[in-house]
Amino acid sequence: MELATIIAVIVIALAFDYTNGFHDAANAIATSISTRALTPRVALLLAAVMNFVGAFLGTKVAKTVFSVLEPPSGEHALVVIFAALGGAITWNLITWALGLPSSSSHALIGGLVGAGLAGGVAVQWDSVLDKVVIPMLISPVVGGLLAFALMLAILWLFKDKKPGPTNRGFRMAQTVSASAMALGHGLQDAQKTMGVIVLALVTGGYQEDFSIPWWVVVLAAGAISLGTYSGGWRIMRTLGRRIIEIDPPRGFAAETAASSILYTTAYVFEAPISTTQTITGAIMGAGASKGRKAVRWGVAGNILAAWVLTIPMAALVAAGVYGVVHLILE
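In this text, residue positions in the sequence shown follow my numbering: the first is 192, and each later residue adds one.
The set of hints was computed from the structure by calculation and includes no laboratory data. Treat the hints with caution; some may be incorrect.
Stated by the list, open to error - For lysine to aspartate or glutamate, the following DMTMM-like pairs were computed, each having C-alpha atoms within a straight-line distance of at most 25 angstroms: (1) K251 x D438; (2) K353 x D438; (3) K254 x D400; (4) K481 x D351; (5) K251 x D400; (6) K251 x D321; (7) K254 x D321; (8) K254 x E399; (9) K254 x D317; (10) K481 x D438; (11) K254 x D438; (12) K352 x D438; (13) K350 x D438; (14) K251 x E266; (15) K251 x D317; (16) K251 x D351.
Quick caveat, the model's predicted, so the values are computed rather than measured.
Using the sequences provided together with the hints, build the complete structure.
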């Protein structure tokens, strides 16, 4: 296959990585901005730096991503990967425009599945179920329960403390918890782009195994961090204010719970979970410590609908992209 085709697919993969960054920037810093623990630009810079560093901390998630499909073969094999990325980018842009914190990770998985089915490529359904679907269902629930429990512990420990000094202390603590969340985002999401690039290199015959070259890590880390710094203000408003009225203790609890799940799933289960779903579940759990009415369940319902639709819609768009490109090349 021509080198130009491989380069074009890599560029599209990095474009997806960039949209992942600005789409998911809110994951790490929305709560810190809404509680005024950090100013927006400082928060974005912190998130971008930690995203970049996090991309170098592991490759297990990347290996799971390229295990979703058998390496495509044939004259138009790379069209499958191109279409998968097209589907994922399109869904990212749609949900960004609507201000919905959907999952870039699951948009990519959906794109791979849809393009693979359209292109006659074998989908590894066991990997999709075990590493994607089950963690997708479990991670926001665990994040919510963990944040709820942590918030109850905080309320008990600080029940006799004055609100003013307590909030100031938790604003400072949020610098650490937001950094941990951004680091986990880089660890999880940059690897997904690495996996797609390596799949393209193997498909194109430019690499024999699925090891991840250093330059792929650097490019993926750079693209996601630049995207993060460009910001995702629409989704920040949803996560930071529309689900609950968040305060510094609850922001800290949500970020701490979510980041711990990101690290655990990346290193222990090798699962490409959604940072979006995890932090959203944690925010809901932290907010529920105020009582059931503290969470705006209507907004939560809209987010849930976006979660459910992400994989099938990205798959449908990717299949359509494959069909159009395939016809053009015939």
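Looking back at the numbered hints, which does the structure fail to meet, lowest number first?
Numbers 1, 11, 14, 16, in rising order.
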